[in-house]
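Colleague: Sequence:
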Amino acid sequence: ADKVVHVDAYNPKYLQKSLNLGLINYEGSYLSWHETDIKHLHDSAQFGLDPEKNFAFIEIEKTKEVCRLEYGNRATIVNTTVLHKGNAQKSNRIIGGLRFVPELNEQDLINMGVINPYKQIEKQE
Numbered sequence: 001a002d003k004v005v006h007v008d009a010y011n012p013k014y015l016q017k018s019l020n021l022g023l024i025n026y027e028g029s030y031l032s033w034h035e036t037d038i039k040h041l042h043d044s045a046q047f048g049l050d051p052e053k054n055f056a057f058i059e060i061e062k063t064k065e066v067c068r069l070e071y072g073n074r075a076t077i078v079n080t081t082v083l084h085k086g087n088a089q090k091s092n093r094i095i096g097g098l099r100f101v102p103e104l105n106e107q108d109l110i111n112m113g114v115i116n117p118y119k120q121i122e123k124q125e
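Counting in my numbering, the final residue of the sequence shown is number 125, and the numbers go up one at a time with none missing.
Hints in this document: simulated from the structure, not taken from any laboratory.
This structure is a prediction, so every number in the text was calculated from the model and none was measured.
Honestly, I wouldn't trust all of these hints.
Beta-carbon label-pair distances, calculated as ranges [claimed, not checked]: (1) Lys13 x Glu106: 10 to 20 Å; (2) Ala88 x Leu49: 32 to 42 Å; (3) Gly97 x Glu52: 29 to 39 Å; (4) Gln107 x Lys3: 18 to 28 Å; (5) Glu106 x Asn11: 29 to 39 Å; (6) Gln89 x Val66: 13 to 23 Å; (7) Glu35 x Asn11: 14 to 24 Å.
Don't be surprised by glycine CBs; every beta carbon is placed ideally from N, CA and C.
Given only the sequences and the hints, what does the whole structure look like? Please build it.
Modeller: Encoded structure:
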């Protein structure tokens with residue numbers, strides 16, 4: 001898993017947002033987002049997982065890291081349909097990921113304190 005980045009699901013019927021929070025030994029760990037020109041990722045169905053969920057991955061060397069967020073003492077809303085990778089700095093790191101049913105909508109995110117939901121952040125250079 002250290003050499004790949006993934007999307008949790010790209011089927012819109014599955015939850016696309018996760019509220020992530022560092023719980024134990026998360027200091028120094030970060031979440032990175034990636035982009036690639038490759039149009040077809042490895043679908044986990046070829047490894048026996050549920051094909052409908054569309055969990056998919058690609059080798060990290062075929063991507064470019066465009067942003068990262070260091071885990072701190074605040075929760076983070078993550079769009080799990082964008083290529084990403086958890087980067088643990090300690091082997092016993094625990095990050096909690098919460099999903100909501102029904103899916104969080106724009107007003108829910110604003111109520112949680114997200115100032116500009118769905119605004120694309122600028123790429124790192």
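Colleague: Confirm or reject the claim that Glu106 and Asn11 have a C-beta distance inside 29 to 39 Å.
Modeller: violated, 21 Å
Colleague: Check the following: the C-beta atoms of Gly97 and Glu52 are separated by a distance inside 29 to 39 Å.
Modeller: Violated, since Gly97 and Glu52 (Cβ atoms, about 20 Å apart) do not stay within the stated range.
Colleague: For the hint 13 to 23 Å, verify it against the beta carbon of Gln89 and that of Val66.
Modeller: holds, 20 Å
Colleague: If you check the beta carbons of Lys13 and Glu106, does the distance land in 10 to 20 Å?
Modeller: This hint holds: roughly 19 Å between Cβ atoms.
Colleague: For the hint 18 to 28 Å, verify it against the beta carbon of Gln107 and that of Lys3.
Modeller: violated, 39 Å
Colleague: Note whether the CB distance of Glu35 and Asn11 lies within 14 to 24 Å or breaks it.
Modeller: holds, 20 Å
Colleague: Take a look at whether the Cβ-Cβ distance between Ala88 and Leu49 falls inside 32 to 42 Å.
Modeller: Roughly 22 Å apart at Cβ, these two residues miss the hinted range, so it is violated.
Against the hints set out earlier in the document, violations occur for numbers 2, 3, 4 and 5.
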